[in-house]
Amino acid sequence: MSKTRRLTALSLLTAASLCVFVLEAQIPPLIPAVPGVKLGLANVFTLFAIQVLGAPDALALLLVRVTVGSFVTGQVAALGYSLCGGLASYAVLLLLRRQFPLKQLWALSVLCAVAHNLGQLLLAAFVMGSSAVLWYLPVLILAALLSGAFTGLACQLVLLRLRKSRLWKREEKSE
Amino acid sequence: MTGKRWFLLFLLTALVCAGVLLWQLSRDSGRIVTISQDGTVLYTIDLSQVDEPYTLTVSWQDGCNQILVTPETVQVTEATCSSQVCVHHGPLEAGGSPIVCLPHHLTIRWAESAVGP
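As they're listed, the protein sequences go chains A and B. Just so we're aligned, residue 3 is where the first sequence starts under the working numbering, counting upward by one. Just so we're aligned, residue 869 is where the second sequence starts under the working numbering, counting upward by one.
You can take every hint at face value.
Capping the alpha-carbon separation at 30 Å, the derived lysine-lysine pairs in DSS-like fashion look like this:
1. Lys166(A) - Lys872(B)
2. Lys5(A) - Lys171(A)
3. Lys166(A) - Lys105(A)
4. Lys171(A) - Lys105(A)
5. Lys105(A) - Lys40(A)
6. Lys105(A) - Lys872(B)
7. Lys872(B) - Lys171(A)
8. Lys40(A) - Lys872(B)
9. Lys166(A) - Lys5(A)
10. Lys5(A) - Lys105(A)
No lab work stands behind these hints: they were computed from the structure. What you are looking at is a predicted structure, and each value in this text was computed from that prediction instead of being measured.
All chains should be modelled from the sequences, with the hints used to inform the complete structure.
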């Protein structure tokens, strides 16, 4: 992939990810009692980017989406939590992506989602100096199992189609 | 690990979480409420000693939360933040989730001493 093509693809993916993020932020909370439980559809693009463009590009996409997204939706106070969750899930993605074939991308996505929610919750417990927030742990893990599987499956299906139509080939070994 | 094994592992995790959640919701939480901010307990209120409803104001930097204490429960009625998560939480329910205000580092929960048989 040429440099220009790569940059264009990354910019497009980042913009699309931001749009989805902003759109999703307009939907009222799925479970009113537990704010923060949501599908996290924007993560489809991070998953897609790490597979198609590589790890550094996916990190760039993630960081831009989280920072710009929090400004656009007016949730700047929550930026730290978003970053912590995003980076925790990115770390899992980076470490484990070679172990998961494309057909199991959904499972990797579940692990990332769990890491995301754990990261946020632990940061909250640390910042508040209180274990009270850990009450939400089982709810957030349940939510991560569902949302991670959903977003992972969405990305997996697209990538499988792209591979089948020979528009994309996964580089199994090299970076 | 195959896809099927992952599925089973996640299903098991989901069942454990659902179990813990049901246990949390069904246990007797007692009548004592603690209000803490940034790791220090500000108030410990025994609701069975409360006769008349009253309000408390807890401030944090340039913001504050108004807390209504009644003989039945405790709830945040007003908060000077943009998210209003603690206000929308509503009253503290028996066995229910703690009230958390992330921007003001405030937590309202049933006292830990209530845990146990």
